[in-house]
Structures are given as structure tokens and as C-alpha cells.
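J.: What follows is each chain in one-letter form.
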Amino acid sequence: GAGVSQSPSNKVTEKGKDVELRCDPISGHTALYWYRQSLGQGLEFLIYFQGNSAPDKSGLPSDRFSAERTGGSVSTLTIQRTQQEDSAVYLCASRLEAGQYYNEQFFGPGTRLTVL
Amino acid sequence: KNQVEQSPQSLIILEGKNCTLQCNYTVSPFSNLRWYKQDTGRGPVSLTIMTFSENTKSNGRYTATLDADTKQSSLHITASQLSDSASYICVVRANSNSGYALNFGKGTSLLVTP
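Residue numbers (the working numbering), protein chains in the order written: chain A, 1 to 116; chain B, 1001 to 1114.
Hints are computed from structural coordinates only; laboratory data are not their basis. Glycine included, C-beta positions come from ideal geometry on N, C-alpha and C. Be a bit skeptical, because a hint or two may be false.
Claimed, not checked - Pairwise CB distance ranges, derived in the manner of DEER restraints: (1) L1011/B <-> E20/A: 33 to 39 Å; (2) G72/A <-> G1060/B: 31 to 37 Å; (3) G1060/B <-> G3/A: 37 to 43 Å; (4) K1017/B <-> N52/A: 46 to 52 Å.
What the hints assert, rightly or not - Stretch-level coverage of chain A by chain B, calculated; a stretch enters the list once three of its residues show a Cβ under 8 Å from a Cβ in chain B: (5) 31-43; (6) 59-72.
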């Protein structure tokens, strides 16, 4: 079956512009995660959605970052007034049931964001 | 402070050789530990998962070990292949009923050369 998909695969933008990154999780997965991976760095947690619960936004680095998940499926990560330090690969992952500790996250291929 | 430390940061080995990657963690209470493989330009893919009671788990040429007492895990790759070149990430899940509970290491970058 289809895995997690993300679009666009690459995004180049100018400093100060807003960008939207999209994630289509695996159908039926109730949990969705956004991560940021900078060059040579580990994955940095950004935000986590679980069903209809309020999202865990504890990883968002600033109020320029926001995310929503519509209808419990597709998610959009929005970065406003982009800065050069926002340049990174943004990874999305989904998981079948967050309450089952052994269920693994399935990652998308990521969106490579470059801010000029 | 990162609760999951991996070593070495990078490693170069010859094709056919074995290697061992290390993961030390301080996450508590512990739920489980996963090793992921991330190929360049791709998302991470799970290799193994280990819970508190498991000491060893294999997935083909990959064997993970866990010592929950010393809070150490290793990933051993046998008879390496060029396709093993990737970043290997150790992820430890805390035993939590709510919120985000994953702790990621920064990964070990492995290069297998002919």
C-alpha cells in the first residue's frame, strides 16, 4: 500500500516568504508527527497530532511555525517569514495507534527547504 | 541535554567487514528502543525494536542488543554491503501515557567502500 507522502520534495524560497509543506499520512494512522533535520544533525521534534486530541506543539521553535491536520488525515506545516536558519529537511511520520508502544512510525521522504 | 548518545559519529569500513554501532541513553522510565536506517534523501526505516526484557534481536545481517541495566544498545552489522551505507539512528521511547515520548540520537553515518 501507499506510504507516507510529502510535497513538495524540494522548496526554494526567499527570506521573509511564507511556505506550506504538506504531508499525506498512511490511511488509518491516527498519529502524525513533524520533524526537522538540519545538515549533520539529528531529527528535531516539532509537533505531534493524535486523533482528535490537542496537538503537542512543544517542539515548535518559534511562533512562525504552525501546523494543522484537517479531518484527521492530511497535515500542513506552515512557516511564516522564513529565515535562512529554517533551511532543513522537514520529515513527516505517521503511526497506526499512538497508544500501542510497539507500533512504529513510518516516515515520508521529506521536503528539503532552502531559504535564500 | 540529549538523552540518547550515539557513537561513533561516523564510520568508514570495507565491504564485507563487520561493524558495531553504539547507543547509550538516560531516558527513564524506559519503554522501548528502536534502530532506524536512513538512506540519503529518504526517511528513516525501522530495523529493530527492543523492549526491556529483550537482550538480542536480529533482522537479517543486523543484530541489535540491549542492556537495560547499563542503558546501552548496540547494532551489529555483519558482512557489510555497499547498500548498508546510511545513517543509523537510535530512538528510545519513554514510558509515558501522554504527549510525545520519543528521544532521538543524532545518528551514526556509515560508509561502506568497495
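J.: So does L1011/B sit 33 to 39 Å from E20/A, Cβ to Cβ?
T.: At 38 Å between Cβs, range holds.
J.: Can the region 31-43 of chain A be counted as covered by chain B under the rule of three residues or more with Cβ-Cβ separation shorter than 8 Å?
T.: With 4 residues close enough to chain B, the hint holds.
J.: Could you tell me whether the CB distance from K1017/B to N52/A stays inside 46 to 52 Å?
T.: Holds - the Cβ-Cβ distance for K1017/B and N52/A, about 50 Å, lies within 46 to 52 Å.
J.: Are three or more residues of the region 59-72 of chain A within 8 Å, CB to CB, of chain B?
T.: Our answer is that it is violated, as 1 residues pass the Cβ test (under 8 Å) against chain B, missing three.
J.: Holds or violated: 31 to 37 Å for the Cβ distance of G72/A and G1060/B?
T.: At 35 Å between Cβs, range holds.
J.: Does 37 to 43 Å hold as the CB distance between G1060/B and G3/A, or does it fail?
T.: 21 Å, violated
Consistency note: the structure conflicts with the earlier hints numbered 3, 6.
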